[in-house]
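Chains as they are written, first to last, in this note's numbering: chain R, 1 to 149; chain A, 150 to 861.
What the hints contain is simulated information worked out from the structure, not anything from laboratory work.
Each hint should be verified, as a subset may be incorrect.
Capping the alpha-carbon separation at 25 Å, the derived lysine to any residue pairs in SDA-like fashion look like this [as the list claims (entries may be wrong)]:
(1) Lys397(A) with Lys144(R)
(2) Lys397(A) with Ala146(R)
(3) Lys113(R) with Arg804(A)
(4) Lys2(R) with Glu199(A)
(5) Lys8(R) with Val363(A)
(6) Lys398(A) with Asp13(R)
(7) Lys392(A) with Lys143(R)
(8) Lys341(A) with Asp90(R)
(9) Lys144(R) with Lys715(A)
(10) Lys344(A) with Glu673(A)
(11) Lys344(A) with Lys392(A)
(12) Lys143(R) with Asp812(A)
(13) Lys398(A) with Pro16(R)
(14) Lys344(A) with Lys2(R)
(15) Lys344(A) with Lys458(A)
(16) Lys344(A) with Asp13(R)
(17) Lys715(A) with Ala15(R)
(18) Lys144(R) with Arg848(A)
(19) Lys113(R) with Ala146(R)
(20) Lys77(R) with Ala91(R)
(21) Lys458(A) with Glu673(A)
Every value quoted in this text rests on a predicted model; they were computed, and no experiment measured them.
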Amino acid sequence: MKLSVNGKTVNVDDAPDTPLLWVIRDSVGLTGTKFGCGVAQCGACTVLVNGEATRSCSVPVGSVAGKHVTTVEGLTKGDTLNRVQQAWVDAQVPQCGYCQSGMIVATTALLAKHPHPTDAQIDDSLTNICRCGTYDRIRVAIKKAAGAA
Amino acid sequence: MKRSTFVATGAATGGALVLGFEFAPSGRITSFADAATTRLVGFVTIAPDETITIVQPQAEMGQGVQTSIPMLVAEELDCDWSRVRVESFPAIDKIYNNPAFGIMGTGGSSSVRGWFMPARKVGAQARAMLVAAAAQKFGVAASELRTQNGVVYHDASSRKATYGELAGAAAALTPPADVTLKTHDKFTLIGKPVKRLDIRDKVDGRAQFGIDVVVPGMLYAAIRQSPVFGGTVGHYDEANTLKRPGIKKVVNLKNAVAVVADRFWRAKSALDALNISWSDGPNASLDDAKIAADLKAALDDDASAAVAKQVGDAAAALKGAAKVVSAEYHVPYLAHATMEPMNCTAHVTADSCEIWAPTQFPGPIVQVAQRFTNLTPDKIKIHQTYLGGGFGRRANMDFVIQAIMLSQAAGAPVKLIWTREEDVQHDVYRPVSTTRIKAGLDSTGNLVAWQQRIASPSIFGMNPGFGPPQKVDDSSVEGSADKRYSIPNFLVDYVRKDFAVPVFFWRSVGNSQNGFFFESMLDEVAHAAGKDPYEFRRALLKDTPKLLNVLEMTAKLGNWGKPLPKGSARGIALCESFGSTVGEVAEISVDKGNTLRIHRVAVVIDCGTVVNPDTVVAQMQGGVNFGLTAALFGAINIAKGRVAQHNFYDYQMVRLANAPHIDVEIVTSSGPPTGVGEPGTPPIAPAVANAIFAVTGKRIRTLPFVKAGFTA
Ligand code: FES
Ligand code: FES
Chain R
1 MKLSVNGKTV
11 NVDDAPDTPL
21 LWVIRDSVGL
31 TGTKFGCGVA
41 QCGACTVLVN
51 GEATRSCSVP
61 VGSVAGKHVT
71 TVEGLTKGDT
81 LNRVQQAWVD
91 AQVPQCGYCQ
101 SGMIVATTAL
111 LAKHPHPTDA
121 QIDDSLTNIC
131 RCGTYDRIRV
141 AIKKAAGAA
Chain A
150 MKRSTFVATG
160 AATGGALVLG
170 FEFAPSGRIT
180 SFADAATTRL
190 VGFVTIAPDE
200 TITIVQPQAE
210 MGQGVQTSIP
220 MLVAEELDCD
230 WSRVRVESFP
240 AIDKIYNNPA
250 FGIMGTGGSS
260 SVRGWFMPAR
270 KVGAQARAML
280 VAAAAQKFGV
290 AASELRTQNG
300 VVYHDASSRK
310 ATYGELAGAA
320 AALTPPADVT
330 LKTHDKFTLI
340 GKPVKRLDIR
350 DKVDGRAQFG
360 IDVVVPGMLY
370 AAIRQSPVFG
380 GTVGHYDEAN
390 TLKRPGIKKV
400 VNLKNAVAVV
410 ADRFWRAKSA
420 LDALNISWSD
430 GPNASLDDAK
440 IAADLKAALD
450 DDASAAVAKQ
460 VGDAAAALKG
470 AAKVVSAEYH
480 VPYLAHATME
490 PMNCTAHVTA
500 DSCEIWAPTQ
510 FPGPIVQVAQ
520 RFTNLTPDKI
530 KIHQTYLGGG
540 FGRRANMDFV
550 IQAIMLSQAA
560 GAPVKLIWTR
570 EEDVQHDVYR
580 PVSTTRIKAG
590 LDSTGNLVAW
600 QQRIASPSIF
610 GMNPGFGPPQ
620 KVDDSSVEGS
630 ADKRYSIPNF
640 LVDYVRKDFA
650 VPVFFWRSVG
660 NSQNGFFFES
670 MLDEVAHAAG
680 KDPYEFRRAL
690 LKDTPKLLNV
700 LEMTAKLGNW
710 GKPLPKGSAR
720 GIALCESFGS
730 TVGEVAEISV
740 DKGNTLRIHR
750 VAVVIDCGTV
760 VNPDTVVAQM
770 QGGVNFGLTA
780 ALFGAINIAK
790 GRVAQHNFYD
800 YQMVRLANAP
810 HIDVEIVTSS
820 GPPTGVGEPG
830 TPPIAPAVAN
840 AIFAVTGKRI
850 RTLPFVKAGF
860 TA
């Protein structure tokens with residue numbers, strides 16, 4: 001089947017019930033999207049599907065045919081970070097970094113919907129897990145990115 | 150310029166300088182492969198364009214070591230920090246051994262502690278060689294030269310030369326054995342908040358973790374291990390599985406079955422369809438009730454108790470006490486649940502073995518690989534990657550051994566990935582532990598006796614490779630036995646009681662449970678004495694100024710004693726671990742529905758000399774959330790010989806909505822650096838439990854809080 005990932009059309013031969021996550025990682029070869037739980041609990045695998053934050057471990061690839069998938073790699077233009085990524089660097093958010101692709105993609109979707117999110121909106125939409133506990137800085141970075149909008 | 154480089158073992162603390170010659174540059178510095186570069190003292194490579202590449206041997210798992218160790222080298226080298234690049238994960242070499250362990254590995258909050266002097270010595274040696282090269286070039290004495298920002302100056306003749314210009318000549322010199330290190334007042338980099346060098350790679354997906362490794366011709370493996378500890382594989386439906394697309398092999402590892410396929414999802418789906426039956430073995434009836442009963446019995450087993458620490462006569466002092474407070478505390482097993490599940494890629498052939506692993510201990514993997522392949526160490530190559538969290542879990546070798554065996558069975562490179570369910574059910578766990586404490590107060594409410602027995606499995610006993618067996622396992626009693634409050638009659642003893650559940654090092658190790666035991670009980674005792682818990686601790690620390698200072702700073706930062714709305718309160722705790730002292734005040738509220746909110750945590754740490762303050766702050770914040778997750782939710786329960794939890798839905802983590810705001814203050818100190826990665830974790834559980842008591846009058850003696858009827 002044909003997939004649109006980060007604006008490029010790619011051909012994959014995975015079975016349609018294969019989770020989008022594994023197609024992105026193993027067939028498309030983009031490894032920024034991470035596997036954390038496989039059951040839509042942690043958000044490490046978050047990508048945008050037509051702009052919506054989506055936990056790719058729990059979405060069959062067959063269901064995204066014809067839709068636009070954006071991964072963390074697709075947020076940068078050349079070497080230029082998007083404002084969320086830049087805020088993450090400025091606030092020195094990542095520790096191990098493993099959860100951060102999902103956090104950044106989820107925040108990008110949040111700010112598209114709510115350019116100046118309240119704490120409650122942040123709590124509701126950023127339900128991803130960071131085992132390193134970078135939450136304080138994530139909140140700071142989200143607000144920084146919102147301010148830069 | 151010649152591509153000659155040399156290596157010195159000057160890195161080893163106090164060790165003699167042994168020189169060797171290496172005529173090929175390390176294959177990993179690919180960007181300089183065609184440039185003439187020189188490597189000084191095995192750690193520093195200077196390119197003609199002034200780029201300085203510093204080797205950083207420790208595992209980067211979020212603690213910022215990839216920046217702090219190069220800072221130590223760069224400080225003494227006097228180079229331009231903006232030109233510094235890091236070569237991480239070098240090949241196994243004894244010069245890169247963690248000076249704290251004598252082997253390449255990361256754990257025990259030891260990286261900066263271990264490297265503080267050796268890494269600076271490396272920088273100073275390299276600087277001295279560059280100065281000597283400049284002295285030759287200018288025909289002047291080295292003493293007439295000074296260095297700054299990557300340039301050697303001869304002020305008298307207004308001449309100068311850059312490190313890039315001098316590197317080739319410097320590389321031909323012998324590193325001086327004796328170098329003088331800067332005094333702390335001369336530091337320009339150490340102690341400044343430096344932006345981490347790995348962060349840029351961690352915001353756009355380019356950082357390579359173990360799970361991201363791709364090797365030509367690589368296959369993928371999914372694994373299922375015996376649900377019951379100690380069980381073995383019975384029967385499974387191999388014939389039908391092999392008919393599925395992409396399936397290469399089904400491998401019976403005796404205690405596990407793995408499916409090897411051309412893609413991970415195919416391997417995993419086929420594994421799910423294997424219909425494995427298991428032979429459960431002798432542990433199939435083990436459960437929480439049996440573990441709790443055995444630990445309780447162990448508390449009464451005087452004959453087996455071994456003394457961990459004794460001062461005065463606690464038993465006699467209890468008899469004479471005006472008031473005795475006694476209580477039992479208990480904590481469950483805990484899983485590490487690193488964000489990146491266990492994984493490893495191995496490629497074993499008849500005459501080579503290559504391993505790519507997110508590991509805390511690349512050094513010992515060589516020995517492990519030797520054992521399983523019968524190859525000599527020169528045929529074994531280890532590639533370390535970024536770690537998606539470690540917390541102690543990745544010092545274990547189970548997943549590496551499996552990958553080696555699977556590559557051997559498949560005759561191809563194999564990337565093994567555990568599912569989260571395997572990770573939760575086949576971790577090596579923070580031990581369960583139970584304690585009984587009796588404390589005696591005199592008639593004026595002074596603490597005169599403390600008698601404590603701890604019963605738990607022994608980490609060192611159950612992992613003999615990590616050190617000689619001890620009569621009293623330090624890792625079972627640390628955080629209780631080594632408390633430094635002035636208590637005239639003090640006894641902590643230990644009864645070892647192992648179960649079939651494997652145990653291991655978990656961020657802050659024994660301090661994680663003993664911090665909760667001791668600091669909660671001390672709070673009980675303070676209340677029994679009718680005293681403020683902070684003032685009660687102050688009185689016990691009057692002979693320990695370092696701890697007293699941290700306690701007082703913590704109270705101040707935590708607004709101790711300031712009024713709060715009804716339903717809110719503060720709790721305080723102070724723990725020493727890995728050489729550092731950390732105080733925490735938690736400000737919480739509990740509503741009518743027993744919803745517990747942790748609003749703010751104030752943290753003060755004394756960790757001696759600070760290298761990168763921003764990473765210390767980050768580690769305190771992370772350490773608090775790690776301990777808070779355990780205190781609120783953490784429990785691995787055992788039923789029918791297996792772990793009852795599966796994934797994050799029943800092994801919950803703190804998330805953004807229940808994460809507190811955390812303020813951190815660092816004590817100014819010029820003492821030797823002490824641990825940072827772990828010490829933030831122990832005080833949070835007792836600080837919150839003590840606050841819960843202050844609000845509700847309910848004393849929590851068993852973790853986690855959700856089991857006591859609270860929600861978060
Ligand atoms: S891996 Fe998809 S939500 Fe955890
Ligand atoms: S930075 Fe490690 S899990 Fe979030």
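Hints versus structure:
1. Restraint check for Lys397(A) and Lys144(R): the C-alpha separation of about 49 Å exceeds 25 Å, so the hint is violated.
2. A distance of roughly 49 Å separates the Cα atoms of Lys397(A) and Ala146(R); the hinted pair therefore is violated under the 25 Å criterion.
3. At roughly 21 Å between alpha-carbon atoms, Lys113(R) and Arg804(A) fall within 25 Å of each other, so this suggested pair holds.
4. Of the pairs offered as hints, the one joining Lys2(R) and Glu199(A) is violated, with about 47 Å between alpha carbons and a cut-off of 25 Å exceeded.
5. Among the hinted pairs, Lys8(R) with Val363(A) is consistent with the structure: their alpha-carbon atoms are about 22 Å apart, no more than 25 Å.
6. This hinted pair checks out: Lys398(A) and Asp13(R) have alpha carbons roughly 21 Å apart, not beyond 25 Å.
7. With a CA separation close to 53 Å, the supplied pair Lys392(A) and Lys143(R) exceeds the 25 Å bound.
8. Of the pairs offered as hints, the one joining Lys341(A) and Asp90(R) holds, with about 16 Å between alpha carbons and a cut-off of 25 Å not exceeded.
9. The straight-line distance between the Cα atoms of Lys144(R) and Lys715(A) is roughly 33 Å, outside the 25 Å bound, and the hint therefore fails.
10. With a C-alpha separation of about 43 Å, the suggested pair Lys344(A) and Glu673(A) falls outside the 25 Å cut-off, and the hint is violated.
11. With a C-alpha separation of about 53 Å, the suggested pair Lys344(A) and Lys392(A) falls outside the 25 Å cut-off, and the hint is violated.
12. Between Lys143(R) and Asp812(A) the alpha-carbon distance is near 18 Å, which keeps this suggested pair within the 25 Å criterion.
13. Distance check on the hinted pair: Lys398(A) and Pro16(R) sit about 23 Å apart at the alpha-carbon level, within 25 Å; holds.
14. A threshold of 25 Å between alpha carbons decides the hint, and for Lys344(A) with Lys2(R) the separation of about 41 Å lies outside it, so the pair is violated.
15. Taking the CA atoms of Lys344(A) and Lys458(A), the gap is about 43 Å. The hint is violated against a cut of 25 Å.
16. Annotation: proposed proximity of Lys344(A) to Asp13(R) is violated, straight-line Cα distance about 43 Å (limit 25 Å).
17. Of the supplied pair hints, the one linking Lys715(A) and Ala15(R) is violated, its CA atoms being roughly 58 Å apart against a limit of 25 Å.
18. Between Lys144(R) and Arg848(A), the direct Cα distance comes to roughly 40 Å. Violation of the 25 Å bound is thereby established for this hinted pair.
19. Annotation: proposed proximity of Lys113(R) to Ala146(R) holds, straight-line Cα distance about 11 Å (limit 25 Å).
20. Between Lys77(R) and Ala91(R) the alpha-carbon distance is near 21 Å, which keeps this suggested pair within the 25 Å criterion.
21. At roughly 22 Å between alpha-carbon atoms, Lys458(A) and Glu673(A) fall within 25 Å of each other, so this suggested pair holds.
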